[in-house]
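Trainee: Residue numbers (the working numbering), protein chains in the order written: chain A, 1 to 195; chain C, 196 to 390.
One or more hints might be untrue.
[Said to hold, decoys possible] Simulated coverage check for chain A against chain C, where a stretch passes if three residues somewhere in it have a Cβ under 8 Å from a Cβ of chain C: (1) 132-140; (2) 167-177; (3) 180-187.
[Unchecked claim] Every beta carbon over 12 Å from chain A, so not counted as near; a handful from chain C, in silico: (4) 228; (5) 269; (6) 379; (7) 388.
Just so you know, these hints were derived from the structure itself, not from any lab. None of the values given here were measured: they were computed from a predicted structure. Glycine included, each C-beta is placed from N, C-alpha and C at the ideal position.
Number of protein chains: 2
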Amino acid sequence: MSRSATSQDRRADARQNVEKILDAAITCLSRNADASVSEIAQAAGVGRVTLYGHFPTRDALIEAALVRVISEGEAVLESLDLAGDPRRALRVLIESSWLLIARASAVLVAAQTALPPGRIHQLHAEPAQRVDELIRRGQTEGAFRDDLPATWLTSVLHHLLKGAALDVANGLLEQADAPRLISETVLAAYTRGDT
Amino acid sequence: MSRSATSQDRRADARQNVEKILDAAITCLSRNADASVSEIAQAAGVGRVTLYGHFPTRDALIEAALVRVISEGEAVLESLDLAGDPRRALRVLIESSWLLIARASAVLVAAQTALPPGRIHQLHAEPAQRVDELIRRGQTEGAFRDDLPATWLTSVLHHLLKGAALDVANGLLEQADAPRLISETVLAAYTRGDT
């Protein structure tokens with residue numbers, strides 16, 4: 001019996017294909033929220049039949065990509081110490097996780113048309129809450145402005161993370177510069193001006 | 196001869212259809228950059244045959260929508276006095292034109308896959324330059340921070356305008372609140388913090 005025919009090897013191949021497909025899905029959906037299954041299969045270097053063997057529908061693939069990207073983001077967020085000075089915590093949060101959050105946002109956009117709203121909310125609730133808590137704590141402690149609603153401050157962070165990721169994808173911004181530009185901008189935006 | 200059959204009436208009908216189609220295209224593309232011609236025809240309340248009679252391809256329709264939305268934006272920008280204090284000028288710019296700029300941005304995203312890059316740049320150059328000039332003048336006069344590049348400050352404005360328009364479309368933000376939140380945020384973001 002040839003080595004490649006053992007069931008252990010077949011399982012390892014399958015796992016590797018799933019990894020490749022999910023990576024490709026996240027990359028393709030970040031560029032275009034309407035990326036097709038064929039595009040994703042091509043980017044992953046697998047056939048459409050192989051892809052459909054693992055993910056019977058485009059919606060199932062998008063859901064799996066969202067679960068993957070959120071769990072990556074959670075792992076990064078969990079490793080961070082967000083206690084203490086909220087401005088320092090926000091900077092740490094942005095600089096450690098900006099690309100992951102941007103990837104998650106892009107997949108979320110795709111998921112908005114593919115998955116029921118309840119499911120997205122459920123998957124997205126925990127990381128969103130962590131950011132939300134930091135912003136509210138910063139407002140309470142006087143580190144962040146409280147003349148604008150916390151929900152808007154959260155949106156500002158998301159829009160700038162997503163926008164910067166798009167700028168990098170379009171060659172308008174160096175990836176290495178992005179974390180610093182985002183944190184300098186968000187921290188200033190969260191400070192009440194004298195305007 | 197019935198009144199509706201005169202060629203003058205037919206021309207008025209055609210003009211009205213073109214208006215309806217372009218309005219529908221801008222609205223549909225703002226929600227989804229990949230909106231199909233059928234969706235746009237339906238939103239305009241005209242048949243696909245009528246639509247194709249005016250715009251032979253989806254690309255032609257997107258180009259016409261972009262020309263329309265940019266000329267609307269230019270008319271608004273031209274009516275503004277952007278001389279004098281750059282911070283006041285930026286606030287006037289945002290509050291008078293935020294929805295138009297957001298509409299233009301959404302159509303620009305759609306145009307990015309449909310039109311050759313040179314054409315977009317050409318159409319978009321004049322209004323983009325007006326904003327860019329204001330930001331550079333503000334930096335030179337010390338009204339805006341100069342520790343971050345002008346190109347990034349311009350991006351920040353675009354991302355927040357576009358993001359706020361998306362928030363309004365998704366029911367996360369009241370349209371009436373948007374201009375104030377955007378200007379307060381952008382003016383603070385353009386101010387160097389002590390962080």
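Trainee: So which hints don't hold here, by number, going up?
Mentor: 1, 4, 6, 7
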